[in-house]
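Visitor: When you get a sec, could you build the whole thing from the sequences and use the hints?
Note that the protein sequences, when read in sequence, are chains A, B, C, D, E and F. Sequential numbering of the first sequence, starting at 1, is according to this note's numbering. Sequential numbering of the second sequence, starting at 1, is according to this note's numbering. Sequential numbering of the third sequence, starting at 1, is according to this note's numbering. Sequential numbering of the fourth sequence, starting at 1, is according to this note's numbering. Sequential numbering of the fifth sequence, starting at 1, is according to this note's numbering. Sequential numbering of the sixth sequence, starting at 1, is according to this note's numbering.
Keep in mind the hints are simulated off the structure, nothing from the lab. Please note that the accuracy of each hint is not assured.
Calculated from the model, a selection of chain A residues having no Cβ within reach of chain B, i.e. all distances over 12 Å [unchecked claim]: (1) 13; (2) 22; (3) 77; (4) 92; (5) 110; (6) 111; (7) 127; (8) 128; (9) 132; (10) 137.
To be clear about the criterion: a stretch of chain F counts as covered by chain A if any three or more of its residues have a C-beta under 8 Å from a C-beta of chain A, and this derived list gives those stretches [said to hold, decoys possible]: (11) 187-200; (12) 347-358.
C-beta atoms are modelled at their ideal positions from N, C-alpha and C, and glycine is treated no differently.
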Amino acid sequence: MDDMLAVARLQLDYAAAVDNDALERWPDFFTADGLYRITNAANEARGLPIGIVHCAGQAMMHDRVLSLREANVYEAQRYRHLLSLPVVTRDGDTLSATTSFHVARIMQDGATLLFATGEYRDVVVRDGEALKFRQRVVVLDSERIDTLLAIPI
Amino acid sequence: MDDMLAVARLQLDYAAAVDNDALERWPDFFTADGLYRITNAANEARGLPIGIVHCAGQAMMHDRVLSLREANVYEAQRYRHLLSLPVVTRDGDTLSATTSFHVARIMQDGATLLFATGEYRDVVVRDGEALKFRQRVVVLDSERIDTLLAIPI
Amino acid sequence: MDDMLAVARLQLDYAAAVDNDALERWPDFFTADGLYRITNAANEARGLPIGIVHCAGQAMMHDRVLSLREANVYEAQRYRHLLSLPVVTRDGDTLSATTSFHVARIMQDGATLLFATGEYRDVVVRDGEALKFRQRVVVLDSERIDTLLAIPI
Amino acid sequence: MTLANDERRWADPGLTRVPYWLYRDPEILARERERLFMGRTWNYVALDCELPEPGDYKTSFVGDVPVIVVRGPDGEVRVLENRCAHRGAQVCLKRFGNAKRLTCVYHAWSYDLDGKLVGVAFRNGVRGEGGMPDSFDAAEHGLRRLNAEVYHGLVFASFAADMPAVESYLGPVIAERVKRVFNRPVKVLGQTTQELPNNWKLYVENVKDSYHASILHTFFTTFKINRLSQSGGILVDDSGGNHVSYSKIEVPSDDPDYDVAGLRSDQDGLRLRDTTMLAGRDEWGDGITLQILTVFPNFVIQQIQNSLAVRQVIPRGLDRTDVNWTLFGYADEDEELTRLRVTQSNLVGPAGYISMEDGCVGGFVQRAIGGSEELDSVVMMGGEGAESQSTRATESSIRGFWKAYRATMDL
Amino acid sequence: MTLANDERRWADPGLTRVPYWLYRDPEILARERERLFMGRTWNYVALDCELPEPGDYKTSFVGDVPVIVVRGPDGEVRVLENRCAHRGAQVCLKRFGNAKRLTCVYHAWSYDLDGKLVGVAFRNGVRGEGGMPDSFDAAEHGLRRLNAEVYHGLVFASFAADMPAVESYLGPVIAERVKRVFNRPVKVLGQTTQELPNNWKLYVENVKDSYHASILHTFFTTFKINRLSQSGGILVDDSGGNHVSYSKIEVPSDDPDYDVAGLRSDQDGLRLRDTTMLAGRDEWGDGITLQILTVFPNFVIQQIQNSLAVRQVIPRGLDRTDVNWTLFGYADEDEELTRLRVTQSNLVGPAGYISMEDGCVGGFVQRAIGGSEELDSVVMMGGEGAESQSTRATESSIRGFWKAYRATMDL
Amino acid sequence: MTLANDERRWADPGLTRVPYWLYRDPEILARERERLFMGRTWNYVALDCELPEPGDYKTSFVGDVPVIVVRGPDGEVRVLENRCAHRGAQVCLKRFGNAKRLTCVYHAWSYDLDGKLVGVAFRNGVRGEGGMPDSFDAAEHGLRRLNAEVYHGLVFASFAADMPAVESYLGPVIAERVKRVFNRPVKVLGQTTQELPNNWKLYVENVKDSYHASILHTFFTTFKINRLSQSGGILVDDSGGNHVSYSKIEVPSDDPDYDVAGLRSDQDGLRLRDTTMLAGRDEWGDGITLQILTVFPNFVIQQIQNSLAVRQVIPRGLDRTDVNWTLFGYADEDEELTRLRVTQSNLVGPAGYISMEDGCVGGFVQRAIGGSEELDSVVMMGGEGAESQSTRATESSIRGFWKAYRATMDL
Ligand code: FES
Ligand code: FES
Ligand code: FES
Ligand SMILES: [Fe+3]
Ligand SMILES: [Fe+3]
Ligand SMILES: [Fe+3]
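Guide: Written out as structure tokens, the structure reads:
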């Protein structure tokens, strides 16, 4: 239970950072060599290596945030994450968790869409004081993305 | 709190089994004489006995899974459950819980719909090592079902 | 963790009361001088004082319920709230919590819509035996309201 | 998508070809509303038992036109268009209610249960100013009242005034079969709405299609609840629009026609663990275990073993249809029989073992015919006519539907 | 749904009948865009105070056509069509911004704040290759600039060049009432968008409809904030398209007209526990507690006690409408008054005690008229004309709307 | 919205003006289906490698018409319309499968992999009753079979029987560039679908638009992956419909044309922390780091550094488009190269650093042109023709698209 609530708290903080546009904090939820991937369930089931986003290490995550802030063009939008409780297993100091999510996307004009559903497959480790994601694989249930996916899930 | 988290864990495992197409495990979440019903709020409010699905006992649940696997025709689809924390009351060894849910349905072509919302009304008992549902009544908020309801909620 | 679960329980009870049309109980979730506001993120960001609903004190909340019951005309509808776990901080006896939500609206004819998403900004205090909201600010992500907003979020 | 007039043709003079544009042309909806649903047809709108008391009303539909079904103070049922004569607001908003007068929320015009306008707020103005001019004649501004008939517990309505009685509309053969099920008062056991991603006619064709039953629904045949080789057949009335498909259980035999067909649906190994659902009662003493009945254009009465239901089919757009299911039993039945119906309810509805497929198959057609508006479906099983047949391996009743449709729509 | 030309008629030569196809015919939208919104009308697009500095812009709409409202370097407000002259992309994407030039993201064509094309990326090609041909004349490819006028803090725009001044468009009577509210600089207190399930004209009719106020909105009458028997009336300009409905509080009396009407809205027992909301201030010194004003075709100014708002009505399709609410106060007002407006904001908007119903009633009409496109609504309260009247028990201003609509639409 | 015939004109005889109604007129969809997608065009439907074994099939689309791509027992690929010849149901429901026969779920009609009807359930009735009349000729009721050609691993289909070979359809110049990428067997590395809020033609124009690349996609230029001043150019075939845009890396220089343009996209300070993505390999030995290729009407082959993809553009309605992305590598490539493609996949797709903008910019146009159906986009960059050019600062290939479109659509 403690593990579950600790992981849940990490996930909540992550979701709050993303939903409140604190993207600069996003890489800090990962270990320096952390892996962040977004893919979909069909690709995973077929063992296909390419998904939607592939960030290996905090540096690539910083690059993505920088690109979103400085280079890319997309309409103002925000997400609202809702998560299940995580199902956590522990192996030594490493926690593995699977967690369901619904993510709504709200456009500047107010249009609201259930943008993404799926499962987080997380590997969480202690990094100094804090828990961090060593791996966060976002497996989308749908192969379909409306318009574009800018903000990380 | 312990009861709440124990029931929540049972519900999470149930949702994960359904969402990941492990339907063969679905009857095992129930006691042998467990009752699984899906109905809607309007029928419940009017005291009408017939809803959408009525499985009395694991045998009928196995039959439904068998029929879904072998007999019925429907397009590939999956669900993604999201649950509230359960509100649990205890009467001796019997736990009663009400829990809200949103269920998204994702079709093979990626179309995603907020397919069902409502409330689980659960009766949970200890069955050997595990907690099991003696009763799980799914009260849908809406009387409206899009296309068909194959996979259990 | 205790604070988190205690606030979560208060929020669950609130959501259950609203979702089950027990609106008469709604003011009782607040302290006598409690503040309930609904606004949207854009107005908040711009520091604009007017949102959608502004109830200062239980009396105004009772008035709103009375008006909904006796005066206002709107089609039968219900909500289904789903909440994240709250992120709670404590200052003396006062708990502050932020909590994400998705609210589905289900019309009498069964039409289901992801009606509102956003964040609760709560201030919770102990009031005799019970926890109560001294403040509950509902910050909607979207500026857009479909048709009307009758039932409190 | 809008087909120019010369493309909106129905080349084949007979009933064995149905052009696909009928399910896709945006103009067809308005024409169906005008000629079919608001034309010379009887439309099911309610069960009589849903309105037990004077003043009880239910909101329903004729086609997609909202109506009010209400029991008057004299105990008779009226059907009124649910649109205020003033500026068009829906008058009754709830699904069920009870009222002495029907009052529009917008400006409080009120109508008696015959639809007569009996109150106009501020008709005489306020303090002598405003109000209605003298030329205003309340008698001209009632709710449009439909022709209505309660036929053995079923409420039918028609926008046409000069309709034959329902019994004659059904024809003697179909009427007999309606009365077989509605042989005494019924009570509602459950309601649900199924929303289909296809034109309403694809659903009606599906219901009329005895050919598909044992093929698409493999649950049916596998557990020997019904198969085409059972004795049975279809009955079609003279108009073509009304039909019954029925079958009787016989001792299952090895059936060479099935082996030849090599159907997906014949899986011998599959057996139910719990067979309470199959322990049907012969309530009507005639051995008929399945009777599916349709009334033109869009009404279904279903008896599948002991599961009884009526289904109202409501067009919601070119490729959107609501099916309103009402499951029922008899008012006087014992609890055990109700329990049996509850158990057998697993067979039907949006999650039913043998109706689930009917929910998706219309969509399979709707989305496949996009490039084929100039082509036709082929409806030749069982010949070219629309007559009754003593087999269910036929599409005769579908041809019957199109016979009535072409006549009514003047196509 | 597409009505053939002979069905798209408006039989009645007068103003007391409005055919329902006007809310349902798909072709009406394009015609309204062309003749109404892009025709000879003034369309509200912004409050002047939303653009305090040179370069400040806001994206808005004329009908459903996107426009940019921007303050030029000279301090004057311009309105430009928000569509790049190159290949049509929306130039400004944000709701509010500040810019010296307007640069399209697609190919970086840039425009000055008059809409003049001042930059074409790679106009001369790269290293002498590609680029624009000599025949390209930048002067022909600016952003379409609309006619614009700031009238007492309100920004109006028109695609028509030769419009009369706004004051003359309003007519002297309505202009007076605009100036009553916009008597000094204002500031925005809150914004929200309400999405309605109905044709935009049903919302505009509703706002013009003084008849429904005390009947549909029972909060109003119950708490004696307003009732038709209060003194008040409506003012309609000569075109018919602009109107004011106003009322003054009087001491409530037992009113026989109300008793006769037997209205749902008159519940004597109902009292508020907290009456701070009702403690209005007479800010304008004229005792007028409610003034609803419309400018043809789709703009509303509202004073309900001390709650001030403008509403822009945006058609989003045949049965979809956005209402953009901007609540405001005066730039120089004291905090206590702002607090009062905050409290009274509970009266208005999508959750407002007396406006909530206006959000759903248009949908009640839209969905009820499906079978009635050949029928008419009846607009006879208060006579057959569109003149000012000293009572609010009238539909005179609705008739005024249709008078202006028929003239502008040539229907 | 429905434009009368005289408004549906294309006044300009040349290619530099494209009227906006082409993206908004409801009738254009049916005409495009008939003349373009079901007319004399080759339509990409699958990669050959997606169907390795006999009996393997994939469901795909030609325009929005569903088709089955299946490998026959002889190893040849067939393309069949995915619509049952009986009553129109989609025959194959899964995205991928393997079958010896294609059997419709509705009534179990079954077809061999050539589309020939080989089984009709209960064709002879049951016990001698029902069944098909003698006039029924199975040979007339197969699945419609399309013309198909596998060209260097790409499966193309056409509803037209008398098409030239794909190589000749492409023209020699474009064919060469297809073969450059498809120089040996490929394998799928990932698939995703991007749903766009705009007409499909806006996406195709975007892909053909070499002008926007370094302007809209600032990631591109900032990191010197590509800029218009790199050497490169566009190739257009004689029909106009097929094109290649390509560029080679050169040592970046200070480029005066960029400074003059003053583009938003040239931010000198921006540098990546992790540059593994940029460490491309010159797989083809020609230094070409970017090659975007389109085949008329709706197929894209992309090489961006080492990221390879095909994109199928599917119209889903007037303002809805699906882009099906298939990312691939070579069947024989080493793991390191695959890892490079995984890393470089960040450049492309719905979240790609340099393709993200292409997802939204079509919507920016679609929503801005509502009031401008009688106006035109301006396509003059690089002249008025549709010829190959040695610069990418041109819209020549867009003009080529419209040249082929007008010819095929007869507009
Ligand atoms: S619309 Fe019904 S009373 Fe006015
Ligand atoms: S569309 Fe605006 S610059 Fe090209
Ligand atoms: S529709 Fe395919 S077999 Fe009947
Ligand atoms: Fe069936
Ligand atoms: Fe109102
Ligand atoms: Fe691009």
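Visitor: Run every hint past the structure and note whether it holds.
Guide: Against the structure, the hints come out as follows:
1. Against the 12 Å criterion, residue 13(A) stays outside the reach of chain B, whose nearest CB is about 19 Å from its own CB.
2. For residue 22(A), the non-interface assignment is confirmed: its Cβ lies about 24 Å from the closest Cβ of chain B, beyond the 12 Å cut-off.
3. Remark: the non-interface label on residue 77(A) is consistent with the geometry, its nearest Cβ contact in chain B lying 17 Å away (cut-off 12 Å).
4. Listed as outside the interface, residue 92(A) is consistent with that label: its C-beta sits roughly 22 Å from the nearest C-beta of chain B, beyond the 12 Å cut-off.
5. Interface exclusion of residue 110(A) from chain B stands, the closest Cβ pair being 18 Å apart, more than 12 Å.
6. With a closest Cβ-Cβ approach of about 15 Å to chain B, residue 111(A) is found to remain outside the 12 Å limit, as its non-interface label requires.
7. With a least beta-carbon separation of about 26 Å from chain B, residue 127(A) lies farther than 12 Å from that chain, consistent with its non-interface assignment.
8. For residue 128(A), the non-interface assignment is confirmed: its Cβ lies about 28 Å from the closest Cβ of chain B, beyond the 12 Å cut-off.
9. Non-interface status of residue 132(A) relative to chain B is upheld: no Cβ of that chain comes within 12 Å, the nearest being about 23 Å off.
10. Taking the minimum C-beta to C-beta distance to chain B, about 15 Å, the non-interface status of residue 137(A) holds against the 12 Å cut.
11. Counting residues of the stretch 187-200 of chain F whose C-beta lies closer than 8 Å to any C-beta of chain A gives 10; at least three are required, and the coverage claim holds.
12. Under the rule that three or more residues need a Cβ within less than 8 Å of chain A, the assignment of the stretch 347-358 of chain F holds, with 6 such residues.
Checked against the numbered hints given earlier, this structure breaks none of them.
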